[in-house]
Amino acid sequence: MSAVTVFGLCAAAAVGLGLYGLIANPQPLRKIIAFNLLGSGVFLLFGIVGRRGAAAGFGNDPVPQALVITGVVVAFSATALAIALLLRLFQIAGSTTLNSRAAPSPRSDPSGH
Amino acid sequence: MTEFLTAAVGLILAMLGLGLVSILRGPTDADRMMAAQLIGTAGISVLLLLGTVTGVPAAVDVALILALLATFASIAFVKKGLSRLETDGADPGEDR
Amino acid sequence: MSVARDIITVAGVSAGVFFFFAGTVGLLRFPDTLTRLHALSKADNLGLGFVVLGLLPQTGGLRDGLKLISIWMFVLLAGATVSQLIARTARQSGSGK
Amino acid sequence: MNIATVFEIALAAVVLGLAIWTIAVPDTYSATVGFIAYGLLVALIWVRLDAVDVALTEAAIGGGLGGVVLLGAAARLRDTEAMTTERPSLIVRLSAAILSAAIAAALAVTILLLPDPAPTLAPSVVANAGATGMTNPVTNVLMAFRGMDTMLEKVVLLLAIVGVWSLASDQAWGGRPGPRHQADPNGVLAFLARLLPPAGIVVGIYILWTGADHPGGAFQGGAVLASMWLLVIMAGLVDTPPVRSRWLRLILVGGPGLFLAVGLGGLCFGSAFLAYPVAFAKPLILSIEVAMLLTIATTLGLLLAGAPERSAER
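So the protein sequences, as listed, match chains A, B, C and D.
Reading the first sequence from the start, the letters are residues 604 to 716 in our numbering.
Reading the second sequence from the start, the letters are residues 14 to 109 in our numbering.
Reading the third sequence from the start, the letters are residues -1 to 95 in our numbering.
Reading the fourth sequence from the start, the letters are residues 1206 to 1519 in our numbering.
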């Protein structure tokens, strides 16, 4: 068992867990966390592939590393935007449910403050 | 030497796992904050040891970033916990 | 020379691991928030401090040594501040008794 | 089985345990704390995989800024948890579990059956490293060989901040994000916020500077600067700037703007878009990175601060 195998299996499990949480968890914030977990698993898979491509004196192929760094930044922007949307939904509707049948109870001051 | 340091990394990692149990158990937010602080410090130590073991000197830079960002995260953590207690019963919209 | 360095490293890192152990056990076993905080500060300040001390002889040069020490300084500062804020939280919420 | 493998298995086990905890725990706040610890440990895995540049990014985002974003939202939404008790039916959960397990198993099999020898681009990165005058291969890839990706990534950051700002309510339009933090000016937090940022700024600039030859770069340095800025804001020493402010917007577009200008310059005077003249490659890349450092620090800080909530006058 090398580092690649151990962490590769770990990454695969993280992808599976994240996907399950994304589908099965009813709360939007939990879905966002699960999505981040899924993404981090995918990034780790990139790292595994890069580690196997270690050559020319580098311990890890630099091209997948650069792709992962770009990916981490984009995932963070998406998370921040999703959180802002969620907080605004909470401010307007008074709840964060995504279930359209459950009538959201409007709060006294819909525009906030 | 390498074996000794790797064993030390393993031991600190085990402590870190125990610290996670404490996050899991709680019972109050203060305990969770403390456990998060401990995990941050233990993670920094593991990074420093790991950098020496594997001969990656740049691991010290990762530890440096982690020290600053973990400080920031724990302050934010405590500050959010504090304002929660202070505004207990107040408008949840102002709760931050 | 290298033997002396290795002895310092072994002693420092062992002491650091011991304090991490003590701090974690304290965090799990002590009865209330303030005593647990006391245990935590041992792991934070002394655990990392001894690990840094032990690793200093193994660093390549002055710059790496300074980086190690500044990491410890950051953690000391953060630990002191966060501990005080946590203690205040605990006292206000009444769980510190 | 040597001791290093034992360590790797232990690390993977702790990370997996945290992942399971993050998904399974009923309390959202605890799940967030678990995810922050997860991000911290994933940075350790990246160091172990010899990808220190990624470890720096993961430590800055996973353990730090991303965690604080999630934590802030979890603290705000904590009281609403009781309202959302509806759960998907057993069939949905069961089929989700089967689907996820199948995908995880497929990925695991793929990992075990990856081709040998593995394809790699590392030799071509080494062969072309002389063109930029920098020796950190990841910075070379990010700033030169795949410069287009990096430029568009900054545009994504910019779009995200535009998206966040457009969620402001009418009264707060163009106003200041977040609440005004009140803090005792002689308190311990204010003391830390005066003591730490000077050292933190040095570290941020060091991370940028060392990025030319060792792991580091503009994004990681910018994340450190952003956290220092937010620390000062949280201590109540300064207020968040109103988002309608002109200098703020100038800083936000400065980095990508310079990147684009250099790229277009390459199109006019050189061979292609983003083609650096070999003699000036390093100074050009460094000046882009310095401009980026400011832009990234401001963007990340404002993304964490969230949508404007107060009018600019208050």
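Calculated directly from the structure, the hints in this document are not laboratory data.
Glycine included, every Cβ here is placed at the ideal spot set by N, Cα and C.
One or more hints might be untrue.
Just some of the chain C residues that point at chain B, by a computed CB distance under 7 Å [to be verified]:
#	residue
1	A13
2	V15
3	T33
4	A41
5	D42
6	L53
7	Q56
8	F72
Verification of the hints:
{"no.": "1", "hint": "A13", "verdict": "11 Å, violated"}
{"no.": "2", "hint": "V15", "verdict": "5 Å, holds"}
{"no.": "3", "hint": "T33", "verdict": "11 Å, violated"}
{"no.": "4", "hint": "A41", "verdict": "6 Å, holds"}
{"no.": "5", "hint": "D42", "verdict": "5 Å, holds"}
{"no.": "6", "hint": "L53", "verdict": "6 Å, holds"}
{"no.": "7", "hint": "Q56", "verdict": "5 Å, holds"}
{"no.": "8", "hint": "F72", "verdict": "4 Å, holds"}
Hint violations for this structure: numbers 1, 3, all remaining hints satisfied.
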